[in-house]
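J.: Read off the chains here:
Number of protein chains: 2
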Amino acid sequence: MKKLLLVVIASQIMAQNKLPINWTVGYHKNIGDTPANFYPSTVPGAPQLDIMIAEKYKQPIWYADNVKQFLWMENTYFTYKVNFKKPDLKPGQTLVFHSKGIDYEFIISLNGEKMFEQEGMFRYVNIDLTSKLKPSNELTITIFPPKMAGSDRPKDELNINGFFRDNARTSVKPPMSYGWDWHPRLISRGIWDETYFEIKESQFLTQSEIQYQLDGELKNAKINLNIEGKNLKNASYNWQLKSPTGTVVLNKSGKLDNDFTTISDNLSNITLWWPNGYGNPNLYTSTLEIKNNEGNTVGVQTKKVGFKRSRMVMGDGTWIEPTIFPKSRSVAPATLEINGKVIFAKGSNWVPNELFPGIQNRENYEPYVKMAKEANFNILRSWGGQVINKESFFELCDEYGLLVWQEFPLTGTNYPDDDKFLNVLELESEAIIKRVRQHACLAFWSGGNELFNEWSGMTEQSFAMRLLNMQCYKFDRNTPFIYTSPLFGMGHGHYVFREEKNGGEVFQWMPKGKNKYTAYPEFGVPSVASVEELKKFIPANELFPPKPGTSWETHHAFGVWGVNRWIELPFLEEYFGKINSLEELVSYSQLTQCEGYKCIFEEARRQKPFCGMAVNWCFQEPWPCAANNSLVTWPGKKKPAFDAVKNACRPTLASARFQKFRYEPGETFACDLFMLNDKYEKLAPMQVKVKLVYDSNKEITFLNWDFPGSDENKNYEGPTAKIPLPKMSSMFFKIIVEVPSKPEYNSEYTFLYKVPKGIKTKFLNGVSE
Amino acid sequence: MKKLLLVVIASQIMAQNKLPINWTVGYHKNIGDTPANFYPSTVPGAPQLDIMIAEKYKQPIWYADNVKQFLWMENTYFTYKVNFKKPDLKPGQTLVFHSKGIDYEFIISLNGEKMFEQEGMFRYVNIDLTSKLKPSNELTITIFPPKMAGSDRPKDELNINGFFRDNARTSVKPPMSYGWDWHPRLISRGIWDETYFEIKESQFLTQSEIQYQLDGELKNAKINLNIEGKNLKNASYNWQLKSPTGTVVLNKSGKLDNDFTTISDNLSNITLWWPNGYGNPNLYTSTLEIKNNEGNTVGVQTKKVGFKRSRMVMGDGTWIEPTIFPKSRSVAPATLEINGKVIFAKGSNWVPNELFPGIQNRENYEPYVKMAKEANFNILRSWGGQVINKESFFELCDEYGLLVWQEFPLTGTNYPDDDKFLNVLELESEAIIKRVRQHACLAFWSGGNELFNEWSGMTEQSFAMRLLNMQCYKFDRNTPFIYTSPLFGMGHGHYVFREEKNGGEVFQWMPKGKNKYTAYPEFGVPSVASVEELKKFIPANELFPPKPGTSWETHHAFGVWGVNRWIELPFLEEYFGKINSLEELVSYSQLTQCEGYKCIFEEARRQKPFCGMAVNWCFQEPWPCAANNSLVTWPGKKKPAFDAVKNACRPTLASARFQKFRYEPGETFACDLFMLNDKYEKLAPMQVKVKLVYDSNKEITFLNWDFPGSDENKNYEGPTAKIPLPKMSSMFFKIIVEVPSKPEYNSEYTFLYKVPKGIKTKFLNGVSE
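Protein chains in written order, with the numbering used here: chain F, -19 to 749; chain U, -19 to 749.
Rather than coming from a laboratory, the hints here were simulated on the basis of the structure.
Cβ atoms here follow ideal geometry from the backbone N, Cα and C, with glycine treated the same way.
Check each hint, because a few of them may be wrong.
[Stated by the list, open to error] A short, non-exhaustive set of chain F residues, derived as facing chain U with CB atoms under 7 Å:
1) SER308
2) GLU440
3) MET450
4) PRO460
5) HIS474
[Claimed, not checked] To spell it out: a stretch of chain U is covered by chain F in this simulated footprint if at least three of its residues, at any positions, have a beta carbon under 8 Å from a beta carbon of chain F; those stretches are:
6) 6 to 15
7) 289 to 295
8) 305 to 316
9) 454 to 462
10) 495 to 505
11) 659 to 670
Chain F on its own, in the form it takes in the complex (with noise of 0.2 Å):
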């Protein structure tokens, strides 16, 4: 038993016989150099978080202005460090490194001796070192600072704000670092996945992959499980696959062929994989094991496989033929289609849930998977500013059913025509798809963020967007791919509540979508954080009133796109008078968060199936924003715009339509009513009553609806609501939808009553008296 055990943890998929190694880390200005020092370093980490603490910065890292010590950083060299004693190897055997990522450009040296240098930080390493080791052995790892292509500003001019992302454009690498309106300029490098120093056995199995077709009846699938190893030769394997609820459904044994060799089986009455609010994700567990000669195991791989279909297709009514010559195109598709059934993608962009990828692990990232599962989304637009993410990121996303758009880490910028970044990116494109293919969570790809824009400057000519596509077709071309997003027919933005040269407040500009956008890719409406989230990182003496030039700036509340966004103080106060507290700003900032959601997510779901996405701007963040578009403030607190966007998100609501947000006495105020229903379930007859609450326990019925019942998966346009607003006391008031007969569809928004100067009132979560 012991042995088979050792065997077992030998193979490089359990990776369990791996050195004991200390790894240290220290910067250096130019290539050659010794680092000063050499600290202990945290691998996977960051070597800025590994300095701060040996060099005794002011921590923690997101707190008030302590990002900028950091800023330094970028312009040296780090090197790490390991010192190890040759191993006892057995013939046969070999010590290997290993590591799943190095960010960005670096040289491995054993000895003095370099060993592998690479640019790029998505390719797997792996250096057999067995036959230069000595008695003694030190390993480093160099890496160079990043490149700074298309700088148009000096480097003293650099500060933590603002965007630099053509800094990035050689690079396939986060252009979100280099600075972003939600991201300090930190620049991450170093080791950032899993690495260690491995003694391997003389066979063992280095891969395998599942991959399947599904007949047109997504009833069967061919299914190939794809080996490969060393030495493996008439080695002997056993194959099990076992269904969702633990039946086993393939079980196969033979003898491989050679290094490389396929099995292939056929399966039947498969039990698909759906996605969140359309079926369970149905994952079966593949066990792979292979034995030699003597009956040891060299290898064993368990995984986790969904079988879905994903097509991107046309939604009904967009394929409308320009109506008069001369004749343009249709829109391009941008409807999902998963397991043959039209699905409205509802979902959020996600960014970094940390400053670094390094400190990024299935522990941190669960959270806020789960949250977006509870949200009621069915995607994640993985936006292309950031990495790739690790693989559990993708695990998670398999499990609690959320789609994934994947876009490759290029955003906003021009990347070039030009062969030495071309040659990294295909190397580093095909080991991303090679790896992120086989998630059944996969939706689609694309090529990067926002790149066909004036701002970009990118077109379907530019050879970065052409070798994507073919990458992508090479290596997996079942899944759709987009060049970009928006493609021709969706739409980005807007970000905030309300701009008079964009048309007004949400409420008006959303409602001119119809048929016309088929996708809202990106929209957000910002708010500050909660009272408590901002106390933990701005300093007391700078937390009211919020101004310029404070850690309020450093955190994004001031000063990205012109002075006072994302906090809009002039709108609030144009909206709710001066503003006297911290509270107050945070309840009306909220509030209005709240509400711009609803409108956004409630009103793009009233324009299916001309439009098949909403997935707003953005999820989380990667370290805490004072001010943000997001939902969830940094370190997973939930803001109250999660729970509007979640109620706008069910899958069956009663919805209206409104005309603006604040009212003037003696206005009438009319709503248009709505039954939203994503499910494919029909929906039976019910009463619906629109109610106006007011000055706190005032309460009008003004509009009985009969439903009279509608199909599955269709929206149903109901009767407009009218009442002349009453005399009220009360700053706010509500319009709740309610269905007596079925309570969870209910729906209630607020509204601002311009109440006469003077009788200005107190705000108290969401009605005030």
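Chain U: place on chain F using the hints.
T.: Chain U alone, transformed into the frame defined by chain F:
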């Protein structure tokens, strides 16, 4: 000397050591059948024509409704047969069968044994027959009936007109031959390009290709010559490159490493190839000679090479940031930049110049290519409904300076995501790209025609599109690739002078395209053929009045898109009154074609730089059309519109925009003046006069404009000239925009004066009396 000559002609490239053979062909119902008769066959050619001659069909094929005799043939197999004695082969010699094109699905057998089969008409066939030869041999090529996909009409409803392109949707084969609005249903098949048996020596050159990479300044290039052959190891080569003026600029000799050798060099001070209107189509001459160890020449290849760089860029002003949120993308790039200069693409859609590709050749291509140059065109869109033209077409375009927009042979239907189809498309497209990329004239690739429109139903997600993008990127990435036309921003149509529901006359809808359309890749104005031509193919008793159901309909004057298209009788009679003779019909029809085309070409040019292309539908036709949008009637007879278009496409001209074509007595006539200039030369100041000419000899100059001069490659907008129309007795009047100092810039336009009833006058050559 004699020996040398013999060896030279044995090289495949010279291909002179051919076996003299006589082809025969027959037809049969089932694949195993022997044809009842084998008739003499012209190869390359069309079996349909061989049968027509042998079975004494009514001739010629293009007269009256003779073409209907051929319809039954699409349901048969054709088998070609050739008998030959085994040639006297010396040791090392082989007998090879070679074909540059067999249409479409076929089996080649020798003495009853299957040697080869292929689906695809564009891959060259090379079969070494040597080991299978008997003293007497019979080689057969059996051609399958064409595939009939997606037809929702019963076979017996097929007729000679109408669109049946869905039948072609699983074939990489011209859909146009299944029936189009200017092509009868007549599906091409058979040996359509050069085909022969050849005795090969033991050493030979199979092919060589020159590839180059120009530097950023387009002055110098890295140049590679890739040589491929058999038993060439240690053979010596001499490679000579002569400049367009005959100077030897490169002369390199050495030994070949093996059967695939690349010879590299640098070239400086390159004389670039330019399209018509922008410079000379300069071609270098490359000569490669290979000699064996005995000093005998075993291969010679002479090629023309033109150096150019083609890019597809965003026209000035097309990078429009969508003005408000939600923001979609900017238009797709549609402006050509050749050798670093933005050009305005002026040209025409090239359609087949013969009914069968097997009878197209340099002799019948050349008059059309020559006329295209004469028309001041710089581009031909080789539209996706037809074959990829033969080598001689591209050689002519190289020589005459006509850019080629080359589409793959896909158009107007939904090509499936089907492995079998995609496999053929992958192989065929590779062969096409590797052949055509060698020509200087190649401007850009397109996946096919109108594929992203409702009537086709394909999208960016269609595998055929993604595959073609990949193939072009892999094999010719420096040539731009577009999925299809129209893309977002481009406009196809309209195809008539006036249609009320389309916004009226061309004079009315064309100006609305300003800052809206990036390119007009298809537009047309129909006319009937000239009286002389009509009399050649329409029987005398059917000539006048034209009626549906007669040869007029077989030749596309009626029943194409509604009853009266392309003849447009109701429109002509509304404008010109009752038409009393064929001569009158032809004059009125051709006048509207002239004025309509002038309007569109000149207005598209006025929309520069937002607009980058004006390419009319269509240049010529494959057989005589009674009415068509073509500028040239088959076989090569210019219509008056040819000269109208030629004038509208002059690099520099004085031009005017008009509001409409017909005027009432008492109206004020107005026109906006422009100087149009596509030359990279400034225009000097000059006087421009605007004259009204009417009643034969009356003339009023109603504006003198002091044009102040203008920049290179820029248009200049002048004043609006106005005149109250005088009383006229003529039915037509002319406007002449005259530049006394540069009469070559003069322009002339004809308009209809709707004279009161009873004063009907006789139309005579432009201005009537």
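J.: Now tell me if each hint is right for this structure.
T.: Cross-check of the supplied hints:
1. SER308: holds (5 Å)
2. GLU440: holds (6 Å)
3. MET450: holds (4 Å)
4. PRO460: holds (5 Å)
5. HIS474: At about 3 Å, which falls below the 7 Å cut-off, the nearest Cβ of chain U leaves the hint on F/HIS474 intact, so it holds.
6. 6 to 15: violated (count 0)
7. 289 to 295: That given contact holds, which follows from 4 residues of the segment 289 to 295 of chain U lying within Cβ reach (below 8 Å) of chain F.
8. 305 to 316: holds (count 8)
9. 454 to 462: Our answer is that it holds, as 5 residues pass the Cβ test (under 8 Å) against chain F, meeting three.
10. 495 to 505: holds (count 3)
11. 659 to 670: violated (count 0)
In summary, the numbered hints that this structure violates are 6, 11.
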